[in-house]
Structures are given as structure tokens and as C-alpha cells.
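Since chain A is already given, all that's left is putting chains B, C and D on it; use the hints.
4 protein chains.
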Amino acid sequence: MPAMTAEALNAFFDREFPQLTHAGERSILVESVGDMVGTVRLVHHDRHLRPGGTISGPAMFALADVALYATILAQIGPVGLAVTTNMTINFMRKPLPGDLYAHCRLMKLGRQLAVGEATLMSAGSEDIVAHATGTYAIPPAKGVA
Amino acid sequence: MPAMTAEALNAFFDREFPQLTHAGERSILVESVGDMVGTVRLVHHDRHLRPGGTISGPAMFALADVALYATILAQIGPVGLAVTTNMTINFMRKPLPGDLYAHCRLMKLGRQLAVGEATLMSAGSEDIVAHATGTYAIPPAKGVA
Amino acid sequence: MPAMTAEALNAFFDREFPQLTHAGERSILVESVGDMVGTVRLVHHDRHLRPGGTISGPAMFALADVALYATILAQIGPVGLAVTTNMTINFMRKPLPGDLYAHCRLMKLGRQLAVGEATLMSAGSEDIVAHATGTYAIPPAKGVA
Amino acid sequence: MPAMTAEALNAFFDREFPQLTHAGERSILVESVGDMVGTVRLVHHDRHLRPGGTISGPAMFALADVALYATILAQIGPVGLAVTTNMTINFMRKPLPGDLYAHCRLMKLGRQLAVGEATLMSAGSEDIVAHATGTYAIPPAKGVA
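Residue numbers (my numbering), protein chains in the order written: chain A, 3 to 147; chain B, 3 to 147; chain C, 3 to 147; chain D, 3 to 147.
One chain only, chain A, in its complex shape:
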């Protein structure tokens, strides 16, 4: 059973990551979490678009990063200062206009290091829009942030 629910994670991000909130609305929402997995949604908003109307690379990076981070916290609890040390992202298709989902799977969850992958797909489509692999350093003192 996860250490944090999707609801607890959303409250955590509201409190600790105010930069994810614009004009009172957070655009990256934790949908569900489970044993070594998690799903996070990027709510469609013009702010994330680049020329041609597609969601920008940095917006997809942010989605993958927050999604993997949320999936790790779901396992270990609210560690505010875990940090991304490495991320590789492949952009494969234009996302559809609409919400974008990141489906995450942790491949390793050690005491100091976690490694996971995030597969990004548009709502209502089975095509993979982007895929990311990320490494996170977990601080020794897991103080609640």
C-alpha cells in the first residue's frame, strides 16, 4: 500500500511547489498511485503550447519529472528535497490537443537512488507521445517537508 495517496500528493504539491500553480490553478495533477506505479495528468492549457499548437518539450519534461517524483513519494512519503540527477526524454509524436498523461513505473527504489520511466500519451490515444527515464537522489534524512 502506498505511503501517500493521490489526494495527499496533490495537497503536498499545492503546498510545496507553488511554481506549479498559475492563476490559482495547478496544471499537473496526480491521478492515481500504486505499488511502484503512478499516473499524472497535464491539464491542457495554451501556456504549454509551442508553434504548430503542440505541447512544448519543457512542459512534457515537467510532466515526466513531476510524475516520477510523485510516484517515488507515493512509495516513501513526503520527502521535499529529493532531486532529479538525470533525465533522458525521447519525443516521438505530436500530442493531440487535450490532456496529456504520464504513466510511471519505478524500476529501482533504493535507499539513496530511484530510477523510473514515464510513458506519455494523449487522452484517448494509445500512441506514445514521449518516453522519459529519470534518476532521483533520495536524501539520507527523510524529513517531512
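Some clues are possibly wrong.
All copies of an identical chain are treated as equivalent in the list; a pair is satisfied when it fits inside any one copy or across any two copies.
Okay, derived cross-link-like pairs now, EDC-like style, lysine to aspartate or glutamate, Cα gap no bigger than 16 Å in a straight line [to be verified]: (1) K96 / E27; (2) K110 / E128; (3) K110 / E18; (4) K110 / D129; (5) K96 / E128; (6) K110 / E9; (7) K110 / E27.
Hint data in this document are derived by calculation from the structure and do not stem from the laboratory.
Just chains B, C and D now, with coordinates in the frame of chain A:
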């Protein structure tokens, strides 16, 4: 001699990438470009911060991505629809509070594909904060955007 | 239905990649292929070991690379000159002494570019030893090698 | 001043990495090391070739991996059990027939983690054949292997 100057690139980003501008101010500025190189600056702003006061991973990703893109356009001219296909970023140190620079070098500039690296350093420091390697697909029809 | 069977792929590698064969024996064998998937095995051999008795990083890279390449050829037929353009590999656990499997899934198979992931696991274990994401350029003229 | 000379590193690899030696000859040789830098050479040999006569991806991966490892050991001394945790490699051009060099630069050398890049170029050419970024975990007990 570059196909676009830093000034022309900044005008291009103002016009074509309005999502880089917040409250009338663009936070990512092209500083200089040259033969296969370029330097781009992320102006310090609270919006990019995460807990602990450091610049967020997504903000650093955006800097590296725009910087590599600008360095490519400096060589080939204003191609609006070049797209990032792959990016690997290693985060190594906390950036200092202040501006962050991306120093770019293109390693390959083919007709269809460009590959470059971006080294991120805080203003006034020689320590490497982050390092990114990115691949960009260049569209066959290089229409001016 | 795949364009090449596992048997046809093994014959192809025997003929076209003699450098995979040492002393009359090939150590990387295609086990099975299907629609956008494939499984390839690295036969345990002292030649791949590094200090501490684990399979070396380069041997795991070679397994992932051949496995993704075989999975692509299974879809498009015997293209001798497809080339790896990018590979990211995360090493997560020591492999067990014994055979190592790469389970591959293609995420994109375009006319010019294929992107896939390979998950490496020791025989008889569900733990992920390593994970790779690779990009391959497919030549325009798909001549049989 | 480096903790190990190129000569000491070559003796270390002869002793500790017998899998790098084929028929009495090691094909990856440390050429020079310095403060956070190192150059390592892959001696041309048919064993590394793939169809079309180019050096294979796994051989280039092995060169980059040994080169970064050697550059790290040059700084910290003979730690036999440092391990590669992540490697990203971009293949950009066909190498020329002949020796291949990896020029390495460490970007971070912490107590537990080192990050470096390796730029691969053919002897007598300034073109970049491949570029790798690697992360290495350094064991707490730095016993001489």
C-alpha cells in the same frame, strides 16, 4: 558567419514563442552566437524556483532546449518547426541564486538532424550546474516561420 | 505478423555480424519476436565478466543494441545498414550469474527512425538489471544486406 | 597531480580487466591523464567492425566506458569496484578506418558519484564520431582492488 544574429534570434523568439514571455518579459535571452556555438541566459526569477530555492529542473531543461535550438537557428536561419527528438540532462550542482547561462556547442549539423551539447553554469562561477545533450530534427522544407 | 522469424534473424546475424561469434559460437541469440516486441538472450560466458564476476557494461550494451536491432528487423525485414544513433542505458542491479534476457518493445517505427526500449533481466528473476532506450536510423533504400 | 599515471592505469587494466585483452593484446589503451581529463585509444582491429566496415556501437561504448573509468581512477586512485550507473551515447558519424580516441572531461567528482563526458574522434580528424555522458557510483570503501 552565422545566419542569424543574437538580436534577430531574440526578435524571432518574441514573435514565435510567446509562451516564453510572462507579464511582458522574456526570461530566456540569446546572449551571443557564433560558428557552431551559442550562449543563452536564463534571467533569475522566482517563477523558476523549487523548494530549497534552487532553479527547477524543468526551467533548466527549458533553458538547455531553447539554447540549443537558438544555436541551430543561428547556423541555418529561422526554421520555426525544428523539433527536439531527444534530450539527456544531468543535474550536478545546485545553481547559485542569480542568472544561469547555457554555453552550447553543436557536434553535428546535418540536413535532417542536429546534435549539440549545452553546459549550464551560474553567473560568476566555473562550476558546471547541469549538462544536456540534445538531438533536433530539421524539417525538409526550411520555410521561414 | 513479423517480417522475419527468430530463426531467420539468427541466420541473418550469423551471416552478417561475424563479430558476434567467438570460437564458432554466437553469444547473443534471438529467442522470440512479435508485433513491435522481441526477446533476445545473452548466453553466460566468462568473456563478458568484469571484476566482481558481474556481466560487463559493454556486454549489456551489446545485448540491448542487438536486441533492439533484431526487434526492428523483425518488423521491417533484413536491413543491413540500419544504425544506432542514440542509446541511453541505466544499470540498476548486478545481474545474477547466468543468462541475461533483453525484453524489447518498439515505441515508434517510422520510415526513417525507430525508437525502442529494452529491459534486461537475469534468467529466473523479475528484478530489472538494466534498462536501455535506443534510436535507430533506417536507411531510405532498404536493400537486403 | 593525478593519483595514477597512464602507465599505472594500463598496468591496472592488464591485471584487473583481463576481458579487455584478446590473444595477449589489449585493444583499449590509456594515452594520457590530467586534472579532470584523460585520453584513451581504441586500437583498430577487425574484431570491432560491423557490416560496412565501421567500428561497432558496442566497441565505441566500451571505449567511452573504459575511458571515463580511467579518467576517474586517475583522480582517486585504483578503486576496482566503481560501477557505471548511467550512460548516454550519441553516434554521429562513421569513424574512419584506424584508431579511435576518447577525450574525457569530468564534470563532477563527488564522494559517491562522478559524471563525465567522452568525445570520440578518429585519429587525424577533428570530426566528432560519437559523444557519451556517463555517471559512475564510487564505493564508500575505496580499497585498492
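Status of each hint after checking the structure:
no. : hint        : in the structure
1   : K96 / E27   : neither (25 Å within a copy, 28 Å between copies)
2   : K110 / E128 : between (26 Å within a copy, 12 Å between copies)
3   : K110 / E18  : neither (25 Å within a copy, 29 Å between copies)
4   : K110 / D129 : between (26 Å within a copy, 9 Å between copies)
5   : K96 / E128  : within (13 Å within a copy, 34 Å between copies)
6   : K110 / E9   : neither (24 Å within a copy, 34 Å between copies)
7   : K110 / E27  : neither (32 Å within a copy, 34 Å between copies)
The structure shown violates the earlier hints numbered 1, 3, 6, 7.
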